[in-house]
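Asker: Let chain A serve as the given structure and place chain B on it in line with the hints.
Below, each chain spelled out in residue letters.
Protein chains: 2
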Amino acid sequence: MTDEADTLTLGVLGGMGPAATLEFLARLQAYTPADRDQDHIRVLADINPRVPDRNTPGSDAGAVLAEMAGALRGAGAEVLAMPCNTAHAHADLIQRASGLPLIDMIDLGAQAAQESGALRAGVLGTKGALRLYREYLAARGMGLVSLPPGRQEAFMEALYRIKAGDDGADVKRIMKGFADELVKAGAEVLVAGCTEVPLVLDPEDVKVDLADPGDLLARRCVAVCLGYEPTPVFVG
Amino acid sequence: MTDEADTLTLGVLGGMGPAATLEFLARLQAYTPADRDQDHIRVLADINPRVPDRNTPGSDAGAVLAEMAGALRGAGAEVLAMPCNTAHAHADLIQRASGLPLIDMIDLGAQAAQESGALRAGVLGTKGALRLYREYLAARGMGLVSLPPGRQEAFMEALYRIKAGDDGADVKRIMKGFADELVKAGAEVLVAGCTEVPLVLDPEDVKVDLADPGDLLARRCVAVCLGYEPTPVFVG
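The listed protein sequences correspond, in order, to chains A and B.
Residue numbers for the first sequence follow my numbering, so the first one is 43 and each next one is one higher.
Residue numbers for the second sequence follow my numbering, so the first one is 43 and each next one is one higher.
In short, the hints are calculated from the structure, not lab data.
Check before you lean on any hint, since a few could be wrong.
Which copy? The list can't say, so a pair holds if one copy fits it or any two copies do.
[As the list claims (entries may be wrong)] Calculated pairs, SDA-like style, for lysine to any residue (alpha carbon to alpha carbon, straight line, at most 20 Å):
id, residue 1, residue 2
1, 226, 142
2, 169, 78
3, 249, 230
4, 249, 154
5, 249, 180
6, 169, 272
7, 169, 198
8, 214, 77
9, 214, 78
10, 226, 203
11, 218, 105
12, 214, 105
13, 214, 160
14, 214, 247
15, 226, 101
As the structure is a computational prediction, the values presented were derived from the model and not from experiment.
This is chain A alone, in the form it adopts within the complex (with noise of 0.2 Å):
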């Protein structure tokens, strides 16, 4: 199968929420073509759950992010991901910080929104992640449609509930609520915005079609260490 010389090892920043990190590793193994152990590329993750909450004003999870990814490149990470769309508000302190490249979910993400053929995406997401994919669209032409602000901080709560570990039929059926309340607002297509989302809200659960950056992040880096596809240049 594949050449170990020709792999990539991936340094994965990870913890935030440890749950979602998780279903990044078990995508990054399933998208991966193997019959053996040895055929699986080479996955070096931090899960910290010391990075201090990326909702909190004020909070320094940049330099806790750069650290860690110092770290992975010490440890032989080649390539970085991270699934956790809000942090990467930080992804060019993460670059400068290892001089690594990562392999960025928010365009992975916009580009998926604009490939539908859609002119407005609804994204479901926090205030952080909201503001880097505004801008990631508006550069591909395309307006972002959010939820008003009361209803934001609801699905902060809803998020928050997921990150405790419930994922039951009532915060599925809130979430479901969220998504169909931006498609109402005009979104011709939706955007899971937060790792958290794609746990409780499936594409079946929605009108539009339903973009999971963290699912495309897999397979983008899964293309990326396999040689696939050629490894992101980062320009400090």
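Answerer: Relative to chain A, chain B alone:
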């Protein structure tokens, strides 16, 4: 919940095989009392499929594992775990190379077998794992029951099928057959002595107690990292 300053960072020597490592990481999360991301323990995992096959004579798995352990320490690991029974043949080398204690899953499996009250434990594992369990069980005054040579080869074929992603009804039936044979041969307790075994064999499939060292390892790691149990000390 937990005070970050009191928790230890766990280094995981993984990838043997990749699916078993993910199962182990999932159990670590499941056994951690957590209401938010920050309550989880920090886990640095090297999911390294480039570890030479532990079942190929003359393979240099020990040197690769020692190097991985050293790099995990460099990245911040304070205590190590390795969800692969067979690779525990290199436990001393790993601890000497890294200077970190390794939580010993063979010992956890042997202890559970003894606590069941049995005198003869049937172990489903590779030849290398059987050697380890024979020694650890003997130290507890217990005997080991293993498959006859021809059946051991068939067991290895089943393991490689699981590693290739096959966890279907056929391989489950075959694994249950091996378990039944050990019980017929006098085993009063069974040990899932290879991390692939519990991926297809459940406790309700067998007529005696089934000890799962990978599950016990996950529980012990959480207890050690949260400070509920003392950190093992390596005397090299």
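Asker: It remains to establish, for every hint, whether it holds in the given structure.
Answerer: Checked hints:
With identical chains, the CA atoms of residue 226 and residue 142 are never at most 20 Å apart, being 41 Å at best within one copy and 56 Å at best between copies. Proximity of residue 169 to residue 78 under the C-alpha cut-off of 20 Å is restricted to the inter-copy arrangement: shortest distance 19 Å between copies versus 42 Å within a copy. Proximity of residue 249 and residue 230 under a CA criterion of 20 Å is satisfied intra-copy only: 9 Å inside one chain copy versus 56 Å between copies. In this homomeric assembly, residue 249 and residue 154 come within 20 Å of each other (Cα to Cα) only inside a single copy, at 16 Å, whereas the closest approach across copies is 51 Å.
For the identical chains of this complex, residue 249 and residue 180 are neighbours neither inside a copy (23 Å) nor across copies (62 Å), given an alpha-carbon limit of 20 Å. In this assembly of identical chains, the alpha carbons of residue 169 and residue 272 never lie at most 20 Å apart, being 32 Å within a copy and 42 Å across copies at closest. In this homomeric assembly, residue 169 and residue 198 come within 20 Å of each other (Cα to Cα) only inside a single copy, at 9 Å, whereas the closest approach across copies is 51 Å. Taking the shortest alpha-carbon separations for residue 214 and residue 77, only the inter-copy value of 18 Å comes in at or below 20 Å, while the best intra-copy value is 35 Å.
Only between protomers do residue 214 and residue 78 lie at most 20 Å apart by alpha-carbon distance; the minimum there is 19 Å, versus 36 Å within a single protomer. Taking the shortest Cα distances, residue 226 and residue 203 never come within 20 Å of each other, neither inside one copy (25 Å) nor across copies (48 Å). Taking the shortest Cα distances, residue 218 and residue 105 never come within 20 Å of each other, neither inside one copy (35 Å) nor across copies (51 Å). For the identical chains of this complex, residue 214 and residue 105 are neighbours neither inside a copy (34 Å) nor across copies (47 Å), given an alpha-carbon limit of 20 Å.
For the homomeric pair residue 214 and residue 160, neither the shortest alpha-carbon distance inside one copy (25 Å) nor that between copies (46 Å) is at most 20 Å. Taking the shortest alpha-carbon separations for residue 214 and residue 247, only the intra-copy value of 9 Å comes in at or below 20 Å, while the best inter-copy value is 33 Å. Taking identical chains as interchangeable, the C-alpha atoms of residue 226 and residue 101 are never at most 20 Å apart, the minima being 34 Å within one chain and 61 Å between chains.
Against the hints set out earlier in the document, violations occur for numbers 1, 5, 6, 10, 11, 12, 13 and 15.
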